[in-house]
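*Asks:* Produce the entire structure from the sequences given, and follow the hints as far as they go.
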Amino acid sequence: MAETARSEAVSAEALPEGTDVSRDGRPRELTLVEAINDCFHVELERDDSVMVMGEDVGRAGGVFRATAGLRDRFGADRCVDTPLAEAGIIGTAIGLCMAGFRPVCEMQYDAFSYPSLDQLITHVGRYRWRTGGRMEFPLTVRMPYGGGVRAPELHDDSPEAYYAHTPGVKVAIPSTPADAKGLLAAAIREPDPVVVLEPKLHYRTMRGDVPEGEHVVPLGKARVARGGSDVTLVGYGSMVPLAEQAADALAGEASVEVLDVRTLKPLDEEALLVSAAKTGRVVIVQEAPRTCGYAAELAAILAEKAILDLRGPVLRVTGYDVPYPYWQIEDAYMPSVERVAAAVRRLLDF
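Residues 1 to 350, numbered by the numbering used here, are exactly what the sequence shown covers, in order.
If you are wondering where the hints come from, they were derived from the structure by calculation, not from laboratory data. The reader is advised that the hints may include incorrect statements.
Unchecked claim - Here are the simulated distance ranges between beta carbons:
| hint | residue 1 | residue 2 | range |
| --- | --- | --- | --- |
| 1 | P115 | E136 | 22 to 28 Å |
| 2 | R73 | P191 | 24 to 30 Å |
| 3 | R204 | P313 | 35 to 41 Å |
| 4 | I301 | D77 | 22 to 28 Å |
| 5 | K278 | T122 | 29 to 35 Å |
| 6 | Y320 | E29 | 21 to 27 Å |
As the list claims (entries may be wrong) - Cross-link-like lysine to any residue pairs, in silico, SDA-like; alpha carbons within 25 Å at most:
| hint | residue 1 | residue 2 |
| --- | --- | --- |
| 7 | K221 | F350 |
| 8 | K278 | F350 |
| 9 | K305 | E190 |
The beta carbon of each residue, even a glycine, is placed where N, CA and C say it ideally should be.
*Replies:* This is the structure:
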């Protein structure tokens with residue numbers, strides 16, 4: 001777009017460390033949900049095959065306003081209000097992919113996505129294999145996930161392991177506004193299906209620099225959010241800011257590195273192993289229940305490939321193996337700075 005194709009784009013040297021620079025523009029400070037909305041406006045303008053569909057995404061602009069303005073700008077055929085039927089949303093998107101579209105489906109809340117698992121597991125993840133590689137399947141499924149917002153039951157789950165366990169499906173989880181825009185853009189342009197989980201806790205509680213215009217963060221590339229030498233905290237989504245807070249709390253005791261996984265599948269194993277070799281100690285933080293969570297996969301990789309670099313066991317700080325509790329006690333369920341710091345101290349004393 002002419003209004004965003006700015007010739008005065010700043011150089012990488014002028015930006016804060018870690019800022020991704022788009023080809024077209026300079027960074028602005030946006031909330032996480034504003035960055036997602038910005039991505040939609042850019043991608044729908046760039047590619048006529050991209051469309052958005054879901055419950056209340058059109059006239060209402062989405063319950064979190066992530067799709068605000070899309071229906072007015074691009075029309076009801078490209079920002080489609082659907083019935084309250086998640087399996088039907090994904091089933092319709094399957095046909096749209098076959099017809100040459102790039103649908104982006106919104107699941108209104110994390111746990112509302114479970115009725116769509118049948119379509120995702122039995123169809124979406126298998127079509128490239130089923131067609132012998134002849135058919136691409138450019139479907140993006142995005143949803144808010146996680147707790148901390150005092151929501152009722154079935155509004156706070158962290159279902160990333162279900163999707164990461166599904167062959168043929170990629171999974172990305174941003175932790176910053178810039179990555180929220182860049183990873184969603186990468187998912188939309190990807191020829192394979194991608195599930196993007198967005199930390200609803202930080203939709204409006206986090207602001208950061210976001211490049212104007214086209215901005216893509218490659219899938220499968222982790223980010224060192226903070227350098228350190230004594231211990232590595234590994235997280236994704238809302239657990240990355242928490243890990244940084246824990247690093248601040250431990251500043252007088254240890255030099256803490258924070259690794260943001262960004263993409264659960266494909267995973268940047270090299271970044272994980274490099275950080276483990278650098279510090280020799282790893283604590284993994286996830287909000288989801290403990291058993292068979294994604295942290296267990298990361299721990300297994302470290303046990304298999306980094307055992308000689310480690311100075312102690314790989315520890316996990318996680319949610320508990322219970323349904324997400326009602327808001328009165330959700331603080332006891334969520335990983336906290338205190339729990340993360342305690343795990344780091346235990347590892348340092350090993």
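*Asks:* Now, for every hint given, state plainly whether the structure supports it.
*Replies:* So, going through the hints one by one against the coordinates:
At roughly 25 Å, the beta carbons of P115 and E136 sit within the given window of 22 to 28 Å. A beta carbon spacing of about 26 Å between R73 and P191 agrees with the range 24 to 30 Å that was offered as a hint. At about 38 Å, the beta-carbon gap between R204 and P313 stays in the expected band of 35 to 41 Å. At about 44 Å, the CB distance of I301 to D77 disagrees with the hint of 22 to 28 Å.
Under the hint 29 to 35 Å, the C-beta atoms of K278 and T122, about 42 Å apart, miss the expected range. Checked against the hint of 21 to 27 Å, the C-beta distance between Y320 and E29 comes to roughly 36 Å, which is inconsistent with it. Between K221 and F350 the CA atoms are separated by roughly 31 Å; this puts the pair beyond 25 Å, and the hint is violated. Proximity of K278 to F350 is assessed by CA-CA distance (about 17 Å); at most 25 Å being required, the pair is judged to hold.
For the hint linking K305 to E190, the alpha-carbon distance of about 29 Å lies beyond 25 Å, and the restraint is violated.
Of the numbered hints listed earlier, those contradicted by the structure are 4, 5, 6, 7, 9.
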